[in-house]
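Bring the two chains, given one by one in their own frames, into a single complex with the hints.
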Amino acid sequence: MITGKNITKTFRQRGSVLAGREVRALRGVDFAIEKGGAASFIGESGCGKTTLGRIIAGLETHDSGEITIDGTPMSPLKPRQREPYFRRIQLIHQDPYSALNPTRTIHQTLDAPLALRARQTRRPRSWVDERAEELLALVGLDPAYVLPRYPHQLSGGMRQRVVIARALTVDPDMLVADEAVSMIDVSLRLGILGLLKDLRERLGVSVLFITHDVATARYIGDDGELYVIYRGQVVERGHVETIISDPVHPYTQSLLSAIPVLHGLEQPGEQPVVPTEALDESHHDAGCLFARRCPFRTERCESELPVLGRAEGTPQEHACFHPERRSVVATPIGRG
Amino acid sequence: MSVTPEKKAPGVRVSGLSVVYRTPTGELPAISGIDLDLVPGTITGVVGESGSGKSTLALSLLNAVQSPGRISAGSVEIDGLGDVVKLRGEELRKARGRHIGYVFQAAQNSLNPLKTVGKQLLDLGRSHDVADLRGLVREAKDLLGRMGMDGARVLDSHQHELSGGMRQRVGIMFALVLNAHLVVLDEPTTALDMITQATILRIVREVHEERGLTTLVITHDLGVVAEVADRLAVMYGGQVVEQGPTMEVLGAPRHPYTQGLLRAIPRLVGDIDEARALPGRPPTLGTIPERGCVFRDRCVLRMDVCETEKPPVVSLGASIALCHAVEAAADRDGRADIPPAGGLQEVVGAQGATGVHEVRGEQP
Numbered sequence: 016m017i018t019g020k021n022i023t024k025t026f027r028q029r030g031s032v033l034a035g036r037e038v039r040a041l042r043g044v045d046f047a048i049e050k051g052g053a054a055s056f057i058g059e060s061g062c063g064k065t066t067l068g069r070i071i072a073g074l075e076t077h078d079s080g081e082i083t084i085d086g087t088p089m090s091p092l093k094p095r096q097r098e099p100y101f102r103r104i105q106l107i108h109q110d111p112y113s114a115l116n117p118t119r120t121i122h123q124t125l126d127a128p129l130a131l132r133a134r135q136t137r138r139p140r141s142w143v144d145e146r147a148e149e150l151l152a153l154v155g156l157d158p159a160y161v162l163p164r165y166p167h168q169l170s171g172g173m174r175q176r177v178v179i180a181r182a183l184t185v186d187p188d189m190l191v192a193d194e195a196v197s198m199i200d201v202s203l204r205l206g207i208l209g210l211l212k213d214l215r216e217r218l219g220v221s222v223l224f225i226t227h228d229v230a231t232a233r234y235i236g237d238d239g240e241l242y243v244i245y246r247g248q249v250v251e252r253g254h255v256e257t258i259i260s261d262p263v264h265p266y267t268q269s270l271l272s273a274i275p276v277l278h279g280l281e282q283p284g285e286q287p288v289v290p291t292e293a294l295d296e297s298h299h300d301a302g303c304l305f306a307r308r309c310p311f312r313t314e315r316c317e318s319e320l321p322v323l324g325r326a327e328g329t330p331q332e333h334a335c336f337h338p339e340r341r342s343v344v345a346t347p348i349g350r351g
Numbered sequence: 233m234s235v236t237p238e239k240k241a242p243g244v245r246v247s248g249l250s251v252v253y254r255t256p257t258g259e260l261p262a263i264s265g266i267d268l269d270l271v272p273g274t275i276t277g278v279v280g281e282s283g284s285g286k287s288t289l290a291l292s293l294l295n296a297v298q299s300p301g302r303i304s305a306g307s308v309e310i311d312g313l314g315d316v317v318k319l320r321g322e323e324l325r326k327a328r329g330r331h332i333g334y335v336f337q338a339a340q341n342s343l344n345p346l347k348t349v350g351k352q353l354l355d356l357g358r359s360h361d362v363a364d365l366r367g368l369v370r371e372a373k374d375l376l377g378r379m380g381m382d383g384a385r386v387l388d389s390h391q392h393e394l395s396g397g398m399r400q401r402v403g404i405m406f407a408l409v410l411n412a413h414l415v416v417l418d419e420p421t422t423a424l425d426m427i428t429q430a431t432i433l434r435i436v437r438e439v440h441e442e443r444g445l446t447t448l449v450i451t452h453d454l455g456v457v458a459e460v461a462d463r464l465a466v467m468y469g470g471q472v473v474e475q476g477p478t479m480e481v482l483g484a485p486r487h488p489y490t491q492g493l494l495r496a497i498p499r500l501v502g503d504i505d506e507a508r509a510l511p512g513r514p515p516t517l518g519t520i521p522e523r524g525c526v527f528r529d530r531c532v533l534r535m536d537v538c539e540t541e542k543p544p545v546v547s548l549g550a551s552i553a554l555c556h557a558v559e560a561a562a563d564r565d566g567r568a569d570i571p572p573a574g575g576l577q578e579v580v581g582a583q584g585a586t587g588v589h590e591v592r593g594e595q596p
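Protein chains in written order, with the working numbering: chain V, 16 to 351; chain G, 233 to 596.
Just so you know, these hints were derived from the structure itself, not from any lab. Hints may contain errors.
Said to hold, decoys possible - Computed beta-carbon distance windows for the label pairs:
#1 G:K240 - V:A326: 35 to 43 Å
#2 V:Q282 - G:T257: 47 to 55 Å
#3 V:G61 - G:E259: 41 to 49 Å
#4 V:D110 - G:A384: 34 to 42 Å
Everything numeric in this text was worked out from a predicted model, so none of it was measured. We put the beta carbon where it would ideally sit given N, CA and C, even for glycine.
Next up, chain G with everything else stripped away, as it sits in the complex (with noise of 0.2 Å):
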């Protein structure tokens, strides 16, 4: 391999990052001009809806996005590695696995029902030049008794002899076997319950941090982030909206995506009233506004500018966000606490009965 291995948790920066897809229409961006740093030893969160391109960005990641999408423009760079998205054929490969570990969604649909995980462990390793195979065994074994399995057992199983939550253990388990210091996990415990994803997260905690891990989780629940990023990056449309240290982000969101999207969560406790829905509905692949702003339909504080003008990146704090009215609140008091949280919700209020939002936003 012409690249060394770099066993410690390796940084990641994403700049400019753009992908497209070929339709009979033209090539539309599902990503566009994304910058994301995921910082050495940290899990961060990326939370969007359907159509945000969040899983996109995670294949970005592995230069895996399949025709016919294509990465258009930007890079990728990861320590030690270099920047992925000019790694071709042989190298890639080797890439996948042994340095950016990968928990595809739906893990109970990723392994191979007619093989044992033995024996899939066994082709992984092979396939990867591992000379050591009783070692890889060890290694695997190891990582399953750490997440609370019988190692043994598990390996000689075939996946439906597995619940739900030991699969998704097992390929989390896939993803580290090879050392792998740089972890995707796409939407981890999606279909599982309540209880076995409490577990998961645990786990996913616990093997980051004794592992020395740099990890992304992708997910469309804002509570999963909430329980184990340690920073958030909100996607909406393509673009990453909002990013920072998950407490300041959920703490003081700045970005109304990001506000609306938090009042929109049911809770266990509070008033039941000030949860509501977002009116509109989030943009697919053909209505992502080619100019402006993505989320400028669906917003409360939309202005005359953000048709025309591409949002600018305000910083503030430790955490950065993409808005026009976030710039102007910032302007207008040197800091952008906006607006006084009351006014945000009389606005919202003021849309009327729960059940016609989503009409909203959407007519020809």
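Isolated chain V, as found in the complex (with noise of 0.2 Å):
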């Protein structure tokens, strides 16, 4: 179990022309990742997602706040204390195209950290190909063909499931995936999904999924805790069936209102919601940060910051003054 509290981070720019611009990538974010559970950030670039991810991960320092790993807090840890957690995490990124290292063979990208494994874990050296084996099975990959292979040999879809195994070289508790199939062929995207859904299922493993598409959160797991991250600050959060079939705050609103309608199958949710203006990080207003976009804003949404609560009794946590459930989604058209 993995959770966070009042986690802030910020960026400070460098270079002639930007120098001395903070960027607030998280302003407070608490999250809680039970074990074998699954979590979905999702949000726009730059709402502070893959950097939270990336924290999780131990691959990234925060500013304030604590990070607490199976009930250990990991601040008053030095960096070398705090390895062995954080190794219990594994990263899979967007790009597995440059995850690998072209000049191994998927042998010899899977015997190195699986021998470092057998010398910790006092196992024989027969065991690494053993499980070399086992894993690129589990991952639905065929190791005989998959073994003597260089990643170019490889589609995209396989070859993430090679990061996938080398991920589970180092028995890791979680998996933080960070847009891990928008680089994947739409035809074998879910194909990636249903993995790290059967990982879990039958390792116990827990997923972190970090996604600008909101669709694909839904498919790691229907118990899933789904967290709307919009610029630094946690603005929904809840279980990812009722946030998608019923979400209150109109940031979560608008990103599932610009989700294309499959015309002809689909028709379009009753009430869209359009930000009423671009995202401009620059503006800096007292109160809460979608306001100036928000089509809905009263006078008080401009001068108070709204925090993440159950008021008004919505089933899910949200951070608005003014939650209202709308029919944003679209719905099938029903075959008859």
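In structure tokens form, the structure reads like this:
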């Protein structure tokens, strides 16, 4: 189990033009991911979701707040002491084409971490090859076909499976998948999503899924928790199906409204929400971060910052003074 | 110029178009024998996965296929221009931009980082012998304003000062400013966020209607074409396997690939378990079968004839599919609802857990 309390992160830009400009990537984010659980962070690019994922994977530092892994707070530990904790959280990133060393066969790619693992756990050398085959079979690949090959001989989907197999060599507790299917061919995406779901069920690995495509978040498990992040703040949080079917925050609603409708198969939602203007990261108002783009803003929104909670008795948490259910998602046309 | 400018939405007729790429193992076909009509005033969407040949098709419209590729057969007839495949040199250069506007994939990388947008606009005007450069700037400002931007400010900006969505709109402005009436957009929204994507697609639609264009949108994202296109062409392995009005192709897909692709898209509503990945993987340049159907390795309806015979062109209503199974079904019941929906599901479902799908069909 991993939890975060009030995580903040500010990037200071360097270089002549932008020197001194600050970008507040995370503005006090709380999260909790159960062992074997699933969570998804969604939002536009620059919202902080990738930064948060990297902090959770131990690849990025944060300015304040506390990360706790299996009950142990990380901040008092020295970097070396944190290592064993973060090793159990593996990041799978967007581009399987650059994640694998092109000069190594898949056998070589898996051999190195497994050999280390064998030494650590005092297993015989023969275990390494067995385990490599086992892991490839687990991710749905044929070891005999894949092992002797180089990355360029595999499709994007197969490469992403190899990347997942490599992440599994250290027996992780959690996989952080950052846009893990956005570069995969459309016809193969569900295969990767299904695999992540499958690994949760079979190995009890928890999965953190980071994406801008809300629909994919459903496919790693219907018990998943969804975090909608806007400009470094969680604006809506709850059960994935609840948020997709009954979103109450206007930002979530505009994200869902923006998803293309498959005309002929679906009809558009009845109350689509379109932001009144484009995202402008530079403005700093006292009030709600989304207020300036929100079609439903009131005076209160412009002066007071809403905090995440269950005000107005909604099943999910939200950060909005005027939460209201709107029908924004396209519905399938009944076949008849 | 030897061609007279045609200021109405032109029609485009692609027929028998083939493009081959020279490789150490011989010339390999990237697209072969494509027939596709762009109806004047419509938006046509071409959708395909990587390696389907969709970008090669788009480049062929400009006769801009780069070596080692070449157009080996067929023609691209554009109203007011003639057969683009036969155009050479200066004629071709003038046609690009003035007749055919092209919005490149990743517009952020197609702008010059060292020059302001305005300077690049003047370069464009000079290279096309525009006499009235002030008029050109005015037109550009109008277009940018139309797309919700402050034209004067954008023309004074370098590309790094613009967001991804803004650059994409600048790309659209460049494609339209010389008054081209045939516009090709290659992956217009890739790398953009959902909300920005929705904005760009709305702008594409509006500008298309206001200016009376013929528009071709190339994308890997079925959602994008579903949102903007009147007509849809589905490409696979260098061929258009199904085409027709968007509503019809999506509402009643005939080709097994279109059906599989639709089922493979993660959706916001509906039963999660109904969605599944297509088994196998898309063919690449070297693995497109020479004979028979290009899709047969991943097809649930494969028959013996698919191995050897090129699939027939089957017309059904307003749409066309290239498929033996569709033809067989059409012959059987005089119409082609292949097969009963439940039946197909069972066949696909019988392939077991999602995890093992991808290995199939690619063993040597």
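To see whether the hints hold, each was checked on the structure:
1. Taken as a hint, the range 35 to 43 Å is violated for the pair G:K240 and V:A326, whose Cβ atoms sit roughly 57 Å apart.
2. Our hint of 47 to 55 Å for V:Q282 and G:T257 holds, since their Cβ atoms are close to 49 Å apart.
3. Roughly 45 Å separates the CB atoms of V:G61 and G:E259, a value that falls within the hinted 41 to 49 Å.
4. A hinted range of 34 to 42 Å holds for the C-beta pair V:D110 and G:A384, which are about 38 Å apart.
Hint 1 from the list above is the single one not met by this structure.
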